[in-house]
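> Below are the chains, spelled out letter by letter.
Number of protein chains: 4
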Amino acid sequence: MRDEWFIRGKVPMTKEEIRAVSIQKLELKKDSVLYDIGAGTGSVSVEAAGFLEDGKVYAIEKNPEAVSLIRQNVEKFHRTQVQVVEGKAPGVLTGLPVPSHAFLGGTAGEMEAVLDLLLEKNPKIRVVLNVIALESLGRIVGYLNCHKIDGEIVLVQTSKSRILGEYHMMSGGNPVYVIAFGGEHR
Amino acid sequence: MRDEWFIRGKVPMTKEEIRAVSIQKLELKKDSVLYDIGAGTGSVSVEAAGFLEDGKVYAIEKNPEAVSLIRQNVEKFHRTQVQVVEGKAPGVLTGLPVPSHAFLGGTAGEMEAVLDLLLEKNPKIRVVLNVIALESLGRIVGYLNCHKIDGEIVLVQTSKSRILGEYHMMSGGNPVYVIAFGGEHR
Amino acid sequence: MRDEWFIRGKVPMTKEEIRAVSIQKLELKKDSVLYDIGAGTGSVSVEAAGFLEDGKVYAIEKNPEAVSLIRQNVEKFHRTQVQVVEGKAPGVLTGLPVPSHAFLGGTAGEMEAVLDLLLEKNPKIRVVLNVIALESLGRIVGYLNCHKIDGEIVLVQTSKSRILGEYHMMSGGNPVYVIAFGGEHR
Amino acid sequence: MRDEWFIRGKVPMTKEEIRAVSIQKLELKKDSVLYDIGAGTGSVSVEAAGFLEDGKVYAIEKNPEAVSLIRQNVEKFHRTQVQVVEGKAPGVLTGLPVPSHAFLGGTAGEMEAVLDLLLEKNPKIRVVLNVIALESLGRIVGYLNCHKIDGEIVLVQTSKSRILGEYHMMSGGNPVYVIAFGGEHR
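Residue numbers (this note's numbering), protein chains in the order written: chain L, 30 to 215; chain U, 30 to 215; chain F, 30 to 215; chain B, 30 to 215.
Extracted from the complex, chain L is given alone in its bound form:
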């Protein structure tokens, strides 16, 4: 799905190519239960829900402005599989059903505590993270090493053409690390 199809405020959004790679790494099945933690505009929740005929997405978001955007996007794309949960992880996650998958798209605030809780809820959970700050990268690498988790770390860089007169010029996007681990396939 294109970024421009989503209703957006000033809330940061995972770019479409990164979203595509992240959802591919999630390896969703029709009945998966996905936590989208720090759901932002809900773009990942909405696109992922397209894979979930009998599944469920919990879009967790603490920012009220973003919560409203998620609701609008869920409605725009008729994604009845998505339930918006307002609140802050990991606290807000405790009462929710056991997840098979989780996506952490944004802030690293409580990353370790969130990951601990996810793995406690389901030791075979499939987790995908997007990381852009070098400090957050250091923390997730440390977490993987500390827990002896054999994760996959992919650095994705995209550049896009824009027309300047008669020329296609390429504009560089920001590098994003997509980290994936767990699941039942390995």
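Derived by calculation from the structure, the hints in this document are not laboratory data. Check before you lean on any hint, since a few could be wrong.
For chains that are exact copies, the list does not tell them apart, and a pair is met inside one copy or across any two.
Once the Cα atoms are required to be at most 27 Å apart in a straight line, the calculated DSSO-like pairs of lysine-lysine come out as [what the hints assert, rightly or not]:
#1 K105 - K177
#2 K39 - K189
#3 K44 - K105
#4 K39 - K59
With chain L held as given, fit chains U, F and B onto it using these hints.
Chains U, F and B in isolation, oriented as in the chain L frame:
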């Protein structure tokens, strides 16, 4: 879907991150009719078919070894929507039903003639190409300019971690251009 | 040399990492004679001149605003080896002494005619180009193929950190192709 | 200087584009005193020495095989400014003259202790590091943050053409982080 899930011979395969971005750019609908031209191992056909409840994929491939791989992968993943078509584009395309989408993953051999035929069959077709040779890049840019097609050109580069002792080292992948144009959304 | 050390107007400037790689690819010697064609702010001329004890740089530029900037930068860094030549290549090159090296940093306007003249003046000339538009890339690849020149094409992408609160975020720069060929070493 | 010009064993070598960017970031002057710590084949020492008319390079290396390579390369290129110092940093650095510049090209083993000693010897030292392991990246980012050092972090990725039949294909290199801080210009 992971690259390692597919049955592979010596036939070149679109890497999983590039495949994810390419399929995202296709913007498939449930009833889309996709030509996968130069289908190789069939990885794009198989993964794309997951989106096509009532649609159809024509996996076109001239190399008999690859044709056999496509058949095996289609069977492995139970993708009844995929029909394998042995032969060489553009010739072999003439008799096939009108496509809504097309993916050109590989050789640039007859690129312009193939694109001409696709646009003749359906002027609103959505087309995605993967290009790795600079000569092929030059030709598709020339084609877009010549036909005044406002396409999107995305350069995708990925690097992947591998463990070396106590360290995560990043190995660079080859840069791939993903080109997309057409469709009914623009 | 840092970009910020140069006097800059609105004239586009080769970024410092690309300039470093380009000058490295030039393989200058102490007595080299370098044409810097489309010299812009003169940053390449000035930095390259640092290698040329007994050599010479001809900074060729047609834009009067840029010519003035080159003069200011040459003076700021006391590069007496640099001679500014106002005018348009290839015409303006005819009367100049035979070059051992040439750098083409910018516009592709008359690229083929300029390269033809350079190779006529010195068939063993070492040439480095920077290319950002895909159309220009296609043309230089075509030139190399047509003349059976075994050049090196390097795609360089850099991202730089910026501080955001407590985080180092990486901002992507634009991909640049650095093309090099010729010289007496091969 | 090209990688292939250096005498190489099985010792890892900074690739030429990364070496060019790293030396540019060093901002050497004619009388600089450079420590090249973990000098490997000596490629950085040798190329940097070309900038140091009245300066000095201390090529520090613990691996005897590499020490021998450095000596051979220093001789091949007549770099009398380079003094090879066999031993392990930081210990071996104590007796050496005060440095104005330092380059850390490789192993992160004692990175923090080495940086501490360098900054003790010369609080205004200009330091450039190359980092490829994510763990090392995390450590240098931590060091910069902890010491409130405003450094520059540049991610450099290069891809190079190789000829395949009639095509120029691009092969991706590994991403390298070039980190620079200090010096008297800021």
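> Does each hint hold? Answer for all of them.
Verification of the supplied hints:
1. K105 - K177: neither (42 Å within a copy, 32 Å between copies)
2. K39 - K189: Answer is both; intra-copy 22 Å and inter-copy 24 Å each pass.
3. K44 - K105: Classified as within; 19 Å inside a copy, 32 Å across copies.
4. K39 - K59: neither (32 Å within a copy, 32 Å between copies)
Hints 1 and 4 from the earlier list are contradicted by this structure; the remaining hints agree with it.
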